[in-house]
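Peer 1: Chain order of the listed sequences is A and B. In the numbering used here, each residue carries its 1-based index in the first sequence increased by 1. In the numbering used here, each residue carries its 1-based index in the second sequence increased by 1.
These aren't lab readings, by the way, just hints derived from the structure by calculation. For glycine and all other residues, C-beta sits at the position ideal for the given N, C-alpha and C. None of the hints are false.
In silico contact screen, one side only, chain B against chain A (beta carbon under 10 angstroms); selected entries:
(1) Arg29
(2) Phe32
(3) Met37
There are 2 protein chains.
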Amino acid sequence: MDYYALPIANLIDQFSKLPGIGRKTAQRLAFYVLEMDDIDAELLSRSIVDAKSKIRLCSICCDLTDEEPCHLCQDSNRDKSMICVVEGAKDKIAMERSKEYKGQYHILHGVISPMDNVGPGDIKVKELLNRLADDVVKEVIVATNPTVEGEATALYLSRLIKPMGIKVTRIAHGIPVGGDLEYFDEATLAKAMDNRREMG
Amino acid sequence: MDYYALPIANLIDQFSKLPGIGRKTAQRLAFYVLEMDDIDAELLSRSIVDAKSKIRLCSICCDLTDEEPCHLCQDSNRDKSMICVVEGAKDKIAMERSKEYKGQYHILHGVISPMDNVGPGDIKVKELLNRLADDVVKEVIVATNPTVEGEATALYLSRLIKPMGIKVTRIAHGIPVGGDLEYFDEATLAKAMDNRREMG
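Construct all of the structure, not just a fragment, from the sequences and the given hints.
Peer 2: This is how it looks when you write it as structure tokens:
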């Protein structure tokens with residue numbers, strides 16, 4: 002495009018590489034940046050480089066962190082006998098928001114998916130098994146998503162970990178709180194029926 | 002939020018300051034940045050600082066530019082006798098896309114809006130008048146938007162410039178090409194009727 006001055010065209014290009022940001026939105030963001038205070042633009046720019054340079058994987062739970070080990074792994078108030086295994090860092094965040102769980106986490110950074118050429122060696126399975134060696138962990142809660150790949154990964158982990166004498170559980174699947182039966186698909190309803198519990 | 006490592010929380014904060022970027026999208030963008038190549042993240046970061054530091058207003062037309070004067074003002078193929086006055090840099094880009102107009106531009110960087118405390122001194126009116134002093138310009142086309150403020154600004158400019166013996170015109174308002182009558186409001190239809198032309 003000949004119409005924009007080069008630094009503007011370049012900024013639009015960079016923004017439009019981000020997910021869900023189309024050409025029009027990228028243009029809008031670029032012009033917004035041009036109208037920002039220099040200090041705010043500097044902050045935005047530096048926050049990108051900062052995050053990239055400071056964030057590493059925690060050597061214990063593989064979460065994204067700027068400390069070593071991460072904040073949660075350092076926290077002596079968290080129950081060391083339970084590990085909740087999730088697919089990604091965002092899943093851990095979601096789980097933490099519920100304020101229900103007080104144990105440890107392990108971030109797999111993916112799921113086993115032969116279709117996408119992702120095997121157990123491509124996700125943080127080895128790191129998880131290493132954590133189970135010293136007999137501290139009594140239960141592994143597999144909280145991968147209820148997709149084909151998430152279920153297969155859960156099954157794979159269960160088969161590896163159970164023989165070590167550690168309890169392996171799977172988070173419950175069913176109707177979300179506040180959900181309306183008529184809006185859920187058969188698979189969810191079937192799971193909800195399967196997982197029914199006797200009332201108190 | 003206690004859940005994110007500080008550099009991630011900071012990056013999410015910075016992204017969510019951008020227009021149209023909510024908390025969820027900012028989170029998605031931040032995690033995307035963390036998964037980017039270091040080089041790509043560096044490019045994104047640098048393009049922000051670059052655009053801010055290199056882009057200035059052209060001393061002639063007040064467009065955003067990294068050259069002085071801007072590319073278009075330097076272009077000897079453009080008709081020096083016409084100036085098209087627009088509200089913002091994006092309006093000029095839109096006009097250039099039409100490939101119809103071959104004259105100069107002037108970017109007001111706003112419109113007169115007493116409600117928002119924007120007077121003629123807050124937009125680039127003085128700079129426009131300066132350009133008209135040397136008798137080269139024969140026509141000023143006012144292409145502000147057809148809003149109350151845009152019309153008021155057009156009227157204001159016309160009253161200033163006409164006494165200088167320069168022709169002042171207003172872009173036509175009516176039904177857009179490909180538009181369907183039934184979808185346009187009364188004001189647009191009224192304009193379209195008012196501005197009707199005899200057919201050839």
